[in-house]
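**Student:** All chains, please: the whole structure from these sequences, using the hints.
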Amino acid sequence: MESTVMLASIRKFAEKNLSRQILRNIALIYLLFILLVNVLRDSIQGVETSLLTLMITMGLVLAWALAVSEIEEWKTGLIAFLSGGTILVIRIGRLGDLIFSLFREMWGLGSQTLSYLSGHGEITRSDAIPAGISELGSRIATLGSRLGVWILSLFRGKPIYDPVATAFIWGIFVWLIAVWAMWITIRHKKPLWGIIPTLVLTSLSLVYTGTSVYNLVPMLGIMIGLVIMGRYDAHENQWKSEQIKFAGIIRERMVFLAVIMAVALMLFAAISPSITIRGIVDFIDRITSDHVNEDDLVRSLGLEPVGKEGAVSVLDNRQSGGLPNRHLIGSGEELGTQLVMIIQVQDLSGPSLEEIDPAEQVYYWRSLTYDQYVSRGWVSRDSIIREYAPGQRTLSNWSDTYQIIRQKVDTVEDLDGLLFSAGIPLSADQDFEIAWRVQNTNEWTFDIFGASLEAESYIVDSLQPRASIEELQEAGQDYPQWIRNRYLGLPPTVPDRVIGLARDITATEPNPYDRALAIEGFLRRFPYTLDLPQPPMERDITDYFLFSAKRGYCDYYATAMVVLSRAAGLPARLVTGYIGGYYDPNLDAYLVTADLAHAWPEIYFPEYGWIIFEPTGGRSEIERPEGPIPKFAQDYPTAFDPLVQEKEPLPVNLWLVGLGFLIGIPLIGFLVYLADDLYLKRMVPDKQFQRVFRRVYRYARWLGLDTKPGDTPHEFSTKLIHQLTQFGRGSKQAEWLLYGSHIIREITRQYYLVLYSPDQGAGINSQETAILFRDLRSRLWYLWLLIKAYPYRIPRFFLWDSAPMLISSKPNKS
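The numbering used here puts the sequence shown at residues 379 to 1192.
Hints are supplied without guarantee of correctness; some may be wrong.
[What the hints assert, rightly or not] Listed below are the simulated SDA-like cross-link pairs for lysine to any residue, each with C-alpha atoms no more than 25 Å apart in a straight line:
1. Lys1166 - Arg1076
2. Lys1166 - Leu1116
3. Lys1110 - Arg997
4. Lys928 - Arg997
5. Lys1097 - Tyr1160
6. Lys786 - Ile837
7. Lys1086 - Pro911
It is worth saying that the hints were derived from the structure and are not from the lab. What you are looking at is a predicted structure, and each value in this text was computed from that prediction instead of being measured.
**Tutor:** In structure tokens:
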């Protein structure tokens, strides 16, 4: 009997509160808010759609429950506001796990208390509950503090961007209008009044952000459908209450009429903004005119005109789109350890702040900075290139938080003319140029893309910011407007889950420095590897690294930290260059090798400028002093004296020096030759063959062999054998020289065994391989002699029995 009564009550409740009309209105309102989420997704930075969708869904469910209940209206509003705020605090602050663990501890304590009162157990003392309550209170206080700072910045007239505050404000807005729309539609049967706040919010966001107004069209259609059907429902309920008979087909006709009117008004709203008098005139002109604009035709073919005047700078070429270190991203190849630069360092700001062993000091030698992220890589905004004479300063003044460092740089490899320095270039002893994105040094407003010069050796003074942990924690968020405009933006292609991850990592951190450290620490847990496939073309690089690859190297770490930092409200940029170097105490210099090529992020802090962070796994963390550090003077010596003082020359006998050169240089060369052969014989096969093939490739370049980067070892060896046969056939040492073809084939065969055989060439004898290379090397040197002597008639007589018939680029000479 009781079950029958209960079922009857449930049926009655469902017929009243879950009728067909109510379910239809719920579905239309939910669809309306899903469209609102799509509009806000394109308009708001720092709020992901999953958060808004969660707030809308829970808000509509709560509003329906409140609407069908008999709770007073003021209590309904209070419950709705407190519920929305609580859900947002738990979601944004990532408090769910903490609250669950705290509840579990309290449940266990309650069970122990009941057992103790019944005399069947004891209460175990636990510190988990007080610690959990303290942690919960601390996190909530941090969230409240961040929201309070954001509100206070509005009242001061200097609003700041904080993604936590942004997510909370927009979350509560969407929650309240969703609750209002559902509650007023269900309880008071007034869908138009319920939808108006949603339309107002959507219109304001579209107008302010400049997003297409066509996003409003389907929302208008839903509103029209709700209003028409709502009016009909009111009449139908009145007819039922007055017991007036009516045909059921009326509802079907009203539904059809509502759909037709909604579609018609949507089409009119979509077409009308694009129809103008000027547009009609232009359309008629296009029909009646046969003229075709040449530039339009060229651009339709995908061609863009390029200016023919003016030289293209090294820095101009580096500003285009792509990843800064193309030799790193997607290559997966081990970088060489060849020497790139030798750098000596001198602090011009006075005595060092702390005694640091030079071997443990880590400098970041910057070259280029990138400010615009485009999901597939980095580009630099347009810049103006200015030229500077030796000794001329790039800045007229600077902050006393900057340390002046002088570096003497000797480049060993070709670095494309880029200038490298530890910090912002201030002056140099050579002519140089700088690409400025922003330059107003009087107001300490400047932004450098990079610097270049033609010299292979130069002395450069640079400015490097120095700040302690305490100073950075107290730096605040009073960012200049140009910093906000340039270094907080992200493209709309960055997925929502990346934005949400940034907010989750930093939500409960009290200041920007701690937020940056939280992001840095999160990324340092990812494994470091160079063995990584190319990211898919359609994927955002940061999203690919964080959620798919979950491993990578410096370009990925740096890019991810910049993107996460910007999403967390921290101005950030990406810098490329080299890191550190191997300190040589004899030279008192750092030896920078190719494998130290690096990319890193920098975060902007008011009064201190751009501060380096190191998120790359496997790299040492950056150590900073705890307390305040002294300020630096701006006066420093401007003369570019040598960093190492030259000693007075000792009196020498020129005859002895000449004799020493005649005897010493050949002797040293012979010893190096023997040592190299010995070292090569003792190498493991895979390393040995890498070194052998690198040297053979180098010899081939000297021989003028036409090699391409994509040549396989087999293709390369075929070209080399052809060159050897072409010049060696008919020479006086033909038999000895042509045996080199056999040696080349044997070395290539062994190389393939090492690379591809299951046992990695375990049967190969390293000493025999070294002997083969030694024999080949002497033949390649002889081949070089033949190639150089071929254009001259007299040397041919001594080197060939019958000289080959070749087409020479040089005339015969006697």
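**Student:** Give a verdict on every hint.
**Tutor:** Results of checking the hints against the structure:
1. Lys1166 - Arg1076: This hinted pair holds, its Cα atoms lying about 17 Å apart.
2. Lys1166 - Leu1116: This hinted pair holds, its Cα atoms lying about 18 Å apart.
3. Lys1110 - Arg997: Status violated; Cα separation ~58 Å.
4. Lys928 - Arg997: Within the cut-off at roughly 17 Å; holds.
5. Lys1097 - Tyr1160: holds (17 Å)
6. Lys786 - Ile837: holds (4 Å)
7. Lys1086 - Pro911: Distance ~23 Å between Lys1086 and Pro911 Cα, so the pair holds.
Figure legend: structure checked against the earlier numbered hints; the only hint not met is number 3.
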